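Given next are the chains, with one letter for each unit.
Protein chains: 4
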Amino acid sequence: MNVTIWNEFRHERQQDKCGEACRKHYPNGIHAYLKEALSAKAPDINFRTASLDEPECGLPDDVINSTDVLLWWGHVAHHEVPDALVQKLRFRILGGMGLIVLHSGHCSKIFGAMMGTSCGLCWREVGEKERVWTVAPGHPIAQGLPESFVVPHTEMYGEPFDIPDDGKVVFMSWYEGGNVFRSGVAFHRDLGKIFYFSPGHETFPIYHDENVQKVILNAIRWATPPAAVNSERRPCPCVKPVEKIYTPNPAM
Amino acid sequence: MNVTIWNEFRHERQQDKCGEACRKHYPNGIHAYLKEALSAKAPDINFRTASLDEPECGLPDDVINSTDVLLWWGHVAHHEVPDALVQKLRFRILGGMGLIVLHSGHCSKIFGAMMGTSCGLCWREVGEKERVWTVAPGHPIAQGLPESFVVPHTEMYGEPFDIPDDGKVVFMSWYEGGNVFRSGVAFHRDLGKIFYFSPGHETFPIYHDENVQKVILNAIRWATPPAAVNSERRPCPCVKPVEKIYTPNPAM
Amino acid sequence: MNVTIWNEFRHERQQDKCGEACRKHYPNGIHAYLKEALSAKAPDINFRTASLDEPECGLPDDVINSTDVLLWWGHVAHHEVPDALVQKLRFRILGGMGLIVLHSGHCSKIFGAMMGTSCGLCWREVGEKERVWTVAPGHPIAQGLPESFVVPHTEMYGEPFDIPDDGKVVFMSWYEGGNVFRSGVAFHRDLGKIFYFSPGHETFPIYHDENVQKVILNAIRWATPPAAVNSERRPCPCVKPVEKIYTPNPAM
Amino acid sequence: MNVTIWNEFRHERQQDKCGEACRKHYPNGIHAYLKEALSAKAPDINFRTASLDEPECGLPDDVINSTDVLLWWGHVAHHEVPDALVQKLRFRILGGMGLIVLHSGHCSKIFGAMMGTSCGLCWREVGEKERVWTVAPGHPIAQGLPESFVVPHTEMYGEPFDIPDDGKVVFMSWYEGGNVFRSGVAFHRDLGKIFYFSPGHETFPIYHDENVQKVILNAIRWATPPAAVNSERRPCPCVKPVEKIYTPNPAM
Numbered sequence: 002m003n004v005t006i007w008n009e010f011r012h013e014r015q016q017d018k019c020g021e022a023c024r025k026h027y028p029n030g031i032h033a034y035l036k037e038a039l040s041a042k043a044p045d046i047n048f049r050t051a052s053l054d055e056p057e058c059g060l061p062d063d064v065i066n067s068t069d070v071l072l073w074w075g076h077v078a079h080h081e082v083p084d085a086l087v088q089k090l091r092f093r094i095l096g097g098m099g100l101i102v103l104h105s106g107h108c109s110k111i112f113g114a115m116m117g118t119s120c121g122l123c124w125r126e127v128g129e130k131e132r133v134w135t136v137a138p139g140h141p142i143a144q145g146l147p148e149s150f151v152v153p154h155t156e157m158y159g160e161p162f163d164i165p166d167d168g169k170v171v172f173m174s175w176y177e178g179g180n181v182f183r184s185g186v187a188f189h190r191d192l193g194k195i196f197y198f199s200p201g202h203e204t205f206p207i208y209h210d211e212n213v214q215k216v217i218l219n220a221i222r223w224a225t226p227p228a229a230v231n232s233e234r235r236p237c238p239c240v241k242p243v244e245k246i247y248t249p250n251p252a253m
Numbered sequence: 002m003n004v005t006i007w008n009e010f011r012h013e014r015q016q017d018k019c020g021e022a023c024r025k026h027y028p029n030g031i032h033a034y035l036k037e038a039l040s041a042k043a044p045d046i047n048f049r050t051a052s053l054d055e056p057e058c059g060l061p062d063d064v065i066n067s068t069d070v071l072l073w074w075g076h077v078a079h080h081e082v083p084d085a086l087v088q089k090l091r092f093r094i095l096g097g098m099g100l101i102v103l104h105s106g107h108c109s110k111i112f113g114a115m116m117g118t119s120c121g122l123c124w125r126e127v128g129e130k131e132r133v134w135t136v137a138p139g140h141p142i143a144q145g146l147p148e149s150f151v152v153p154h155t156e157m158y159g160e161p162f163d164i165p166d167d168g169k170v171v172f173m174s175w176y177e178g179g180n181v182f183r184s185g186v187a188f189h190r191d192l193g194k195i196f197y198f199s200p201g202h203e204t205f206p207i208y209h210d211e212n213v214q215k216v217i218l219n220a221i222r223w224a225t226p227p228a229a230v231n232s233e234r235r236p237c238p239c240v241k242p243v244e245k246i247y248t249p250n251p252a253m
Numbered sequence: 002m003n004v005t006i007w008n009e010f011r012h013e014r015q016q017d018k019c020g021e022a023c024r025k026h027y028p029n030g031i032h033a034y035l036k037e038a039l040s041a042k043a044p045d046i047n048f049r050t051a052s053l054d055e056p057e058c059g060l061p062d063d064v065i066n067s068t069d070v071l072l073w074w075g076h077v078a079h080h081e082v083p084d085a086l087v088q089k090l091r092f093r094i095l096g097g098m099g100l101i102v103l104h105s106g107h108c109s110k111i112f113g114a115m116m117g118t119s120c121g122l123c124w125r126e127v128g129e130k131e132r133v134w135t136v137a138p139g140h141p142i143a144q145g146l147p148e149s150f151v152v153p154h155t156e157m158y159g160e161p162f163d164i165p166d167d168g169k170v171v172f173m174s175w176y177e178g179g180n181v182f183r184s185g186v187a188f189h190r191d192l193g194k195i196f197y198f199s200p201g202h203e204t205f206p207i208y209h210d211e212n213v214q215k216v217i218l219n220a221i222r223w224a225t226p227p228a229a230v231n232s233e234r235r236p237c238p239c240v241k242p243v244e245k246i247y248t249p250n251p252a253m
Numbered sequence: 002m003n004v005t006i007w008n009e010f011r012h013e014r015q016q017d018k019c020g021e022a023c024r025k026h027y028p029n030g031i032h033a034y035l036k037e038a039l040s041a042k043a044p045d046i047n048f049r050t051a052s053l054d055e056p057e058c059g060l061p062d063d064v065i066n067s068t069d070v071l072l073w074w075g076h077v078a079h080h081e082v083p084d085a086l087v088q089k090l091r092f093r094i095l096g097g098m099g100l101i102v103l104h105s106g107h108c109s110k111i112f113g114a115m116m117g118t119s120c121g122l123c124w125r126e127v128g129e130k131e132r133v134w135t136v137a138p139g140h141p142i143a144q145g146l147p148e149s150f151v152v153p154h155t156e157m158y159g160e161p162f163d164i165p166d167d168g169k170v171v172f173m174s175w176y177e178g179g180n181v182f183r184s185g186v187a188f189h190r191d192l193g194k195i196f197y198f199s200p201g202h203e204t205f206p207i208y209h210d211e212n213v214q215k216v217i218l219n220a221i222r223w224a225t226p227p228a229a230v231n232s233e234r235r236p237c238p239c240v241k242p243v244e245k246i247y248t249p250n251p252a253m
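Quick note, the sequences are listed as chains A, B, C and D, same order. With the first sequence counted from 1, adding 1 to any position gets you our numbering. With the second sequence counted from 1, adding 1 to any position gets you our numbering. With the third sequence counted from 1, adding 1 to any position gets you our numbering. With the fourth sequence counted from 1, adding 1 to any position gets you our numbering.
With the rest of the complex left out, here is chain A (with noise of 0.2 Å):
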């Protein structure tokens, strides 16, 4: 089973305070610390990262076919990931792989094309307290979590949330500032299965709590998908008759 962190890479790389403030947490970027860490929980898993900035975007065919769940995290550069790779995506998606969409990933083109809507919301960058609520304590990615845990210091992610109603929403979050938000919502789009997850920041040391790393690895093992993957777009198949038609067109 292949995993592969994609990260936009480019916060990590800054060379300026808020790029001091990301390589503090994440020295290695935010793919790299992901994978050591989930490593460490799922050592059934093969974890593989994959960046912007490689050829190819990190995500050459022979990656995407062989990848059973994507994790996404991308921030300023959404606009600069090309077209035809997000259409490649969407149909292996619909075909059965796993998409983990994470934080700032809500506006990324590939989670926007899968939901249609604008996926937009509003935000506040102050590092305030977030109070993660498990709503649905029932569900896969909800398993072992406690009723609530709390991240110290977050980006705040509000409401109202632009998403489709068919979504599952088994987290949502309340923050010191005056927010709420649904943070953890699940999806079905054909043979695939979407999760997104607000709790993640580039300067906030987030992907280390425990609870979230949990989260995120329920979400890998429920969105994996139970048969082989095709990536190739659903045909629209011409089919003959099963039943016998007895008052045929008489212009045919």
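For the record, the hints were derived by calculation from the structure and aren't laboratory data. Hints may contain errors.
Identical copies look the same in the list; a pair holds intra-copy or inter-copy alike.
Claimed, not checked - Mimicking SDA-like on lysine to any residue, the simulated pairs with C-alpha atoms at most 20 Å apart in a straight line are:
1. Lys215 x Gln15
2. Lys241 x Pro153
3. Lys25 x Val127
4. Lys245 x Val127
5. Lys25 x Met253
6. Lys245 x Pro226
7. Lys245 x Glu126
8. Lys18 x Gln214
9. Lys89 x Asp54
Everything numeric in this text was worked out from a predicted model, so none of it was measured.
Chain A is already provided as a structure; the job is to place chains B, C and D on it using the hints.
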């Protein structure tokens, strides 16, 4: 109130047997026919037409920005609709413009962009009988429709139909050749309402049918935005706290 | 158009501190207060009241059968509402009567009967601050409401809230004590519309709030049946074939 | 793992032509037949039977409390199932017990209690042909099923089927007499999973069909609770604040 009926308008101009068959029922195109037929029933609505081979695909900004509900019929030239136009339409729909997708429009770029799924189905063109069932008799689009009605000769569109789970199924179809289909499905995407309706075809006089016209007109009324449409992408505003933050981030 | 405001009307008549606190804000009961406040804003609606200790719980057949929208407030005496009355209300709702369930009505028999779930939640009564967020700004019940509004002192109702997944979340609440809640949720059940709204309590003057009244009035208008309500249980009719059966059962 | 197959078991004991017809296919009752057929395919599951005329309707507390998945077949005696038993089952389902509702069980008290709607439909018993389509090929209940399969002689169940909108439609049926039906629909209610499946009838050997048995067995596996079931009604606990309240209510 402005309704724009967009038609690819290629089949009706073909110099072959298919073109002849189309012109028999729709001498000036499906769009022109629908405009005439619906105008007679809804004199309060200003119907306009647009087609692919007009400048800017018939949809320059002033037309888009004054359209309350857009009808979409396309088939062989979906790929010729520019991506930039699709994105413009997408954000107008999210801002409240209604979208009625007709028949082979299930494979249009705009429907796919709003749904996320492949919108795939299976099909057969032998002119068999279709029976359309009203399965949500309380829905506004079903008002005035009988329990079921017959389309004598139709192109079959069959399950599995790959659409998201938040669609409200208003009509389901039975085909003599043994298939079934969710033939009328209603969606919300942000402020916009979308209705897909499968009956309708270029070489059968299905849009001449009284019940089919009633469904389309009901759908137009249902999808009409209650307030002014804003075509801008929903912003992701940065907002101030609305409650006092007592535990500020020491690093900020 | 007739709206019946049903109130358990027990707290307000208690001869104790709680009763006193209730009477301070609702001297003649929550139902009487709401009737007066809403009548002033909607002179086209005929508001009526009913309560548990009236004959037939205030809901004899002629009242039920002339009610277009029913408001329900109950708390300590849910179990005293007869099952037969609940079944009568249930079938009138399925036939089109609107139902607005207020605050502690989440545990009423009628709400449980319409939802199937336990409708459980967690709660706390320390009079903390609540902030109500509009999360579906395009929904009819949200019209005219601000991005968020404050209820200065409230009873907290918190997640997990055990309701079915087809509820459209219109409002979500933030509480100073750290909880979140889906505080306004809209459902369809056959021809009937149901709205649950949590803000509102017997000892806080929450129903005096302009925004709270606006939500309730919007919900009444949204839930008003477009056509005459039929209280009868939907029949399971035996029907004749509408297409010819060519392969009959030899045994029949 | 314990699966309890509950059958009303009245038709099969009637001393008339209908009873004879039933006994031809189900000499010891539908429940006994299903137990035998499914046991042969799933030796890891402990199948038990229960019926209406046994003491406590065959469902004393120790049986209920050790059942992981309950199958329900009833028809003419739905009203004889005591309300208190229905409430007990309801809370066990909400606590995680799976429920598979078969054929005429759509009108059972327990299905109505879980859905809220009337669960009405239209029907016809002329033994016509039914074709069952797999419309959600990715769903666990659809695994191993063909694109469509035929039930040669069936009782027709037709739309409109009055169920809530959160049902995932896994199968849809075509009938020779012209009707269509959502014949396999999956629901979540709190921790419990519910599947309704219409094919199956007392006088046709539909439960002998390999595909029908496969659907039922898939549904049992899908509905099996991952953890121990708790039959208690979900409490509405009073909880302490998890965040400090800085603006307490002066009156408290």
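These are the hints, each one checked on the structure:
1. In this assembly of identical chains, the alpha carbons of Lys215 and Gln15 never lie at most 20 Å apart, being 29 Å within a copy and 50 Å across copies at closest.
2. In this assembly of identical chains, the alpha carbons of Lys241 and Pro153 lie at most 20 Å apart only when taken from different copies (19 Å versus 61 Å within one copy).
3. Proximity of Lys25 and Val127 under a CA criterion of 20 Å is satisfied intra-copy only: 18 Å inside one chain copy versus 42 Å between copies.
4. Taking identical chains as interchangeable, the C-alpha atoms of Lys245 and Val127 lie at most 20 Å apart only when they sit on different chains, with a minimum of 12 Å there against 68 Å within one chain.
5. Taking the shortest Cα distances, Lys25 and Met253 sit within 20 Å of each other only across copies (15 Å), while inside one copy they are farther apart (72 Å).
6. For the homomeric pair Lys245 and Pro226, neither the shortest alpha-carbon distance inside one copy (37 Å) nor that between copies (43 Å) is at most 20 Å.
7. Only between protomers do Lys245 and Glu126 lie at most 20 Å apart by alpha-carbon distance; the minimum there is 14 Å, versus 65 Å within a single protomer.
8. For a Cα distance limit of 20 Å, the shortest separation of Lys18 from Gln214 qualifies neither inside one copy, at 26 Å, nor across copies, at 49 Å.
9. For the identical chains of this complex, Lys89 and Asp54 are intra-copy neighbours only, at 18 Å inside a copy versus 29 Å across copies, given an alpha-carbon limit of 20 Å.
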